[in-house]
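Participant: Given next are the chains, with one letter for each unit.
Protein chains: 2
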Amino acid sequence: MSPIPGLSRVGLLGGGVIGGGWAARFLLNGVDVQMYDPDPEAPRKVAEVMANARRASSKLVAGALPAEGTLTFVATPEEAATGVQFVQESAPERMELKQMLLQRASTAAGPEVVFGSSTSGLLPSEMQHGMRHPERLVVGHPFNPVYLMPLVEICGGALTSEATKDRAVEVYSALGMHPLRLSKEIDGFVADRLMEALWREALWLVNDGIATAEEIDDAIRFGPGLRWSFMGTMLIYRIAGGEAGMRHFMAQFGPALKWPWTKLMDVPELTEELLDTLVAQSDQQAGAATIRELEALRDDCLIAVMQGLRGVGYGAGEVLDRYERQLFERAGNAVAPLDLSAPLRLYEATVPTEWVDYNGHMNDSRFFQVTSEAGDRLLRYIGLDEEYLTHSSYYTVESHVNFGAQAMAGDRLYATLQLLSHDAKRLHMFCVVHRDADDTVVATAEHMLLHVDTAAGKASPAAPALQAKLAELAAHHSLLPKPAHAGRFVGQPRG
Amino acid sequence: MSPIPGLSRVGLLGGGVIGGGWAARFLLNGVDVQMYDPDPEAPRKVAEVMANARRASSKLVAGALPAEGTLTFVATPEEAATGVQFVQESAPERMELKQMLLQRASTAAGPEVVFGSSTSGLLPSEMQHGMRHPERLVVGHPFNPVYLMPLVEICGGALTSEATKDRAVEVYSALGMHPLRLSKEIDGFVADRLMEALWREALWLVNDGIATAEEIDDAIRFGPGLRWSFMGTMLIYRIAGGEAGMRHFMAQFGPALKWPWTKLMDVPELTEELLDTLVAQSDQQAGAATIRELEALRDDCLIAVMQGLRGVGYGAGEVLDRYERQLFERAGNAVAPLDLSAPLRLYEATVPTEWVDYNGHMNDSRFFQVTSEAGDRLLRYIGLDEEYLTHSSYYTVESHVNFGAQAMAGDRLYATLQLLSHDAKRLHMFCVVHRDADDTVVATAEHMLLHVDTAAGKASPAAPALQAKLAELAAHHSLLPKPAHAGRFVGQPRG
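Respectively, the protein sequence lines represent chains A and B.
Using this note's numbering, the first residue of the first sequence is number 97, and each one after it goes up by one.
Using this note's numbering, the first residue of the second sequence is number 97, and each one after it goes up by one.
Here chain A stands alone, though its shape is the one from the complex (with noise of 0.2 Å):
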């Protein structure tokens, strides 16, 4: 039992990089593979693709992936055609092989079942020749990794019909893609134009001494490439022309285009022709949304990009992360000394909009997050680092929370914190968010922490260095009120 419609069985000629990428996508989607490939490495490769795969999988998409299908490999191209619902080719670039094939795969296919092609750059009118039912065939080119890049395009040949297409387009999108429909048959398709191009160019870079492989990669993952992963080089440079558009922009780097700043030379005429059509389909893409509009988007997109890649650590996020070390370093040297007759302003926070939920509000996590957040500065505070971390840390046991009022993206939320209690091996917080603009409480927190040998796994009591900074904070603390909130329990009247 299929979980897509119409999809429970597919054939795949070529168990390569690319193809073992297209059945991962399709096993992931419940999707029943047959796979040709008379390479006897192929099930080896194709289970390493699948491992990658699975973990990616369902990183990306938590738990909601239906049951794997089932992988076999078959013997033959007719084989792998027969009794299934859609066919994708993988086999290396080379037109006969591509050609024998598709040719032996479709007289075993039913004449409604579409076959895509995940060449690079060959022409499908070349490629549909001797086939049966040629009108069936289409490019789908995805790219590598085939399970997690969502774009495939889509280019027919000389016989192709539409209804091939709408098929092909169907069927990726099935599988979470997103089929780019082209509408002329050209060598190379349009994506890989594009990164050739580019590819050319960095060839020459290497070739002529300039920069080194890493300073290419370098100048692409923090500069045009973290734009790219969200708006194409027309739309970017669309804004970077300002409120008179494509054509100012043309105007003013126009020119650039007869200057050496590639070494491809080979360029079209900028005739008024040409930059009528820019202009125009500028205008088509950009629809209603003024250029204050994408600017806004353009930077939501850039900061979700760089946070998303801080997760990971590497790239621009790894920059983000240095500067944001930087400025906690700053800040911590501007501060006054902490006030330890009241409780601790110790974090603060801008509400992103990924905070933000359904309801158009933060979520409630969240606030569960900023005192979070705020108890980890406390810890700091009274000297958990990194090397303390290497042997012990406080784990949080049991935690009450009480919502107060909402917040929204943009609001400035500071928290303060409140020692309650502590013993050798317990901390006992009580944390306050509140909105920034008028002292507003959010939310309350009140937090058990318990002291914690990593390596033994069990409670220990903390570092004295860590008892005696608690014990100063105890001394000033213990003076102050009892908030309201601590000790209560969900559903108690409130008093």
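It is possible that some hints are incorrect.
Any copy will do: because identical chains look the same in the list, a pair fits if it lies in one copy or spans two.
Claimed, not checked - Simulated pairs of lysine to any residue, SDA-like, Cα-Cα distance not exceeding 25 Å:
| id | residue 1 | residue 2 |
| --- | --- | --- |
| 1 | Lys-280 | Val-375 |
| 2 | Lys-141 | Gly-338 |
| 3 | Lys-261 | Ala-204 |
| 4 | Lys-261 | Gly-305 |
| 5 | Lys-280 | Asn-303 |
| 6 | Lys-261 | Ile-306 |
| 7 | Lys-280 | Ser-221 |
| 8 | Lys-554 | Val-452 |
| 9 | Lys-578 | Gln-588 |
| 10 | Lys-354 | Ile-306 |
| 11 | Lys-354 | Pro-364 |
| 12 | Lys-141 | Glu-175 |
| 13 | Lys-354 | Asn-303 |
| 14 | Lys-578 | Val-493 |
| 15 | Lys-354 | Gly-305 |
| 16 | Lys-554 | Gly-456 |
| 17 | Lys-354 | Arg-190 |
| 18 | Lys-354 | Asp-372 |
| 19 | Lys-141 | Asp-379 |
| 20 | Lys-261 | Gly-179 |
Calculated directly from the structure, the hints in this document are not laboratory data.
On a predicted model such as this, the values are computed, not experimentally measured, just so you know.
Keeping the supplied structure of chain A fixed, place chain B upon it in accordance with the hints.
Facilitator: What follows is chain B alone, placed relative to chain A:
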């Protein structure tokens, strides 16, 4: 009192999109700015960039920014450079204009003050002509929006001193940027050459009617652009080459350099020497990382970028969001009717790496998040849908969490929900989070929710249909034993 040591005041020459972006970077890092721009509109333009930058930076680095520096407009380049520790020039791309500004400003700045130029491609050796102390001019080429993009290319001219480059790296790093030091001076530097190559190919595609502006952008942002946001073309191709690395990749795709996969056919000759250089540089770049490790890193970054973009609902994030909703719907179609005689199993998740904190296991706030998500599923189950959300919703008012065991990255969790009580306005639930592998209870959470008329902003009775669904569930769940941890307060001895 600047928070950046040795950088309290800078001079900026030019206040367009780039100059305004620099102003924002400096001001938001607490540095005072003296700006020269003869355009009477400059103050308005810079204010617009600042508004964008304030919004973006507060999202990017929540709460950590120092007090803003002060922006002053001055009447001459000399005034801009007086009493500052650094000067950045961002005038239009005309050599004579840049030379004039740099000459004049350099007469007013102390000899130790470094000058950065934002030029996209003019040569520093020419720009420094006529400057007082020309050795302190360096290109510091940023990318738009300057207040967010990390990359800045550092390129010296014939007279530029190493100390000047060192200082530029120091200044830009303090602003949270990633300086890339180029070893050779070349028109367009590195990033712009790569962008320009891609851009020229894109213009051919429009010129030849192969693809529209929108199609070109889609081919980038759903495909190679996603990868370029964290790995450049060199490392991506190395990974594509598999265990055999770059030499294997070139053996496979080197011939394509002779194919018409772009209109830009001035490719370098693929000599043994170029191949050796390429392979050696690729090995150096990859360091000790195996292909498997690089694949895992690539996949983690792709996931992080797509999940980040899902928060914005744009580009690949939109595709992912649609895919998840497809999966949710398919899963819903496949699931047997819920068994009401037990706590409802409504939510599953696999712990992603981002949920893990410095203790090496899932952060406490993420347990709260899982129980909150489970609660949302209950709300959907009783009939709260998009239409309902236009007028009413349930808000969490009080929560209590107990932490039982740790969860690690990759652990599969599931949550079960028991309705403890309800009335027209209130909904009292108990959620248990289990580890799937051994059914261990890792956390429990008790939540009290209040039904709210969202327009009026106050408590209101739930719609009869929702109440009926709750009553049906309560008829079953009231027979279940009360969970041991329900009704606890923090610090209560375990019974």
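Participant: Indicate, hint by hint, whether the structure satisfies it.
Facilitator: Results for each hint:
1. In the homo-oligomer, the alpha carbons of Lys-280 and Val-375 lie at most 25 Å apart inside one protomer (21 Å), although the nearest pairing across protomers, at 36 Å, exceeds that limit.
2. When the C-alpha separation of Lys-141 and Gly-338 is checked against a cutoff of 25 Å, the pair qualifies only between copies, where the shortest distance is 11 Å, while the shortest distance within a copy is 49 Å.
3. Taking identical chains as interchangeable, the C-alpha atoms of Lys-261 and Ala-204 lie at most 25 Å apart only when both belong to the same chain, with a minimum of 21 Å there against 66 Å between chains.
4. Within a single copy, Lys-261 and Gly-305 get their C-alpha atoms only as close as 45 Å, which misses the 25 Å cut-off; across copies the closest is 20 Å, which meets it.
5. In the homo-oligomer, the alpha carbons of Lys-280 and Asn-303 lie at most 25 Å apart only across protomers (13 Å), although the nearest pairing inside one protomer, at 34 Å, exceeds that limit.
6. Taking CA atoms no more than 25 Å apart as the test, Lys-261 paired with Ile-306 passes between copies only; the shortest distance there is 17 Å, against 44 Å inside one copy.
7. In this homomeric assembly, Lys-280 and Ser-221 come within 25 Å of each other (Cα to Cα) only inside a single copy, at 11 Å, whereas the closest approach across copies is 46 Å.
8. For a Cα distance limit of 25 Å, the shortest separation of Lys-554 from Val-452 across copies, 19 Å, qualifies, whereas the shortest one inside one copy, 37 Å, does not.
9. Taking the shortest Cα distances, Lys-578 and Gln-588 sit within 25 Å of each other both inside one copy (17 Å) and across copies (16 Å).
10. Proximity of Lys-354 to Ile-306 under the C-alpha cut-off of 25 Å is found in both arrangements, the shortest distances being 21 Å within a copy and 23 Å between copies.
11. When the C-alpha separation of Lys-354 and Pro-364 is checked against a cutoff of 25 Å, the pair qualifies both within a copy, at 10 Å, and between copies, at 20 Å.
12. In this assembly of identical chains, the alpha carbons of Lys-141 and Glu-175 lie at most 25 Å apart only when taken from the same copy (20 Å versus 66 Å across copies).
13. Both within a single protomer and between protomers do Lys-354 and Asn-303 lie at most 25 Å apart by alpha-carbon distance, with minima of 22 Å and 17 Å respectively.
14. Taking the shortest Cα distances, Lys-578 and Val-493 sit within 25 Å of each other both inside one copy (21 Å) and across copies (21 Å).
15. Taking identical chains as interchangeable, the C-alpha atoms of Lys-354 and Gly-305 lie at most 25 Å apart whether they share a chain (23 Å) or sit on different chains (22 Å).
16. For the identical chains of this complex, Lys-554 and Gly-456 are inter-copy neighbours only, at 15 Å across copies versus 41 Å inside a copy, given an alpha-carbon limit of 25 Å.
17. Taking the shortest Cα distances, Lys-354 and Arg-190 sit within 25 Å of each other only across copies (15 Å), while inside one copy they are farther apart (37 Å).
18. For a Cα distance limit of 25 Å, the shortest separation of Lys-354 from Asp-372 inside one copy, 19 Å, qualifies, whereas the shortest one across copies, 32 Å, does not.
19. For the identical chains of this complex, Lys-141 and Asp-379 are inter-copy neighbours only, at 23 Å across copies versus 46 Å inside a copy, given an alpha-carbon limit of 25 Å.
20. Taking the closest pair of Cα atoms, Lys-261 and Gly-179 come within 25 Å of each other only inside a single copy of the chain (21 Å); across copies the shortest separation is 66 Å, beyond that limit.
Every hint from the earlier list agrees with this structure, and none is contradicted.
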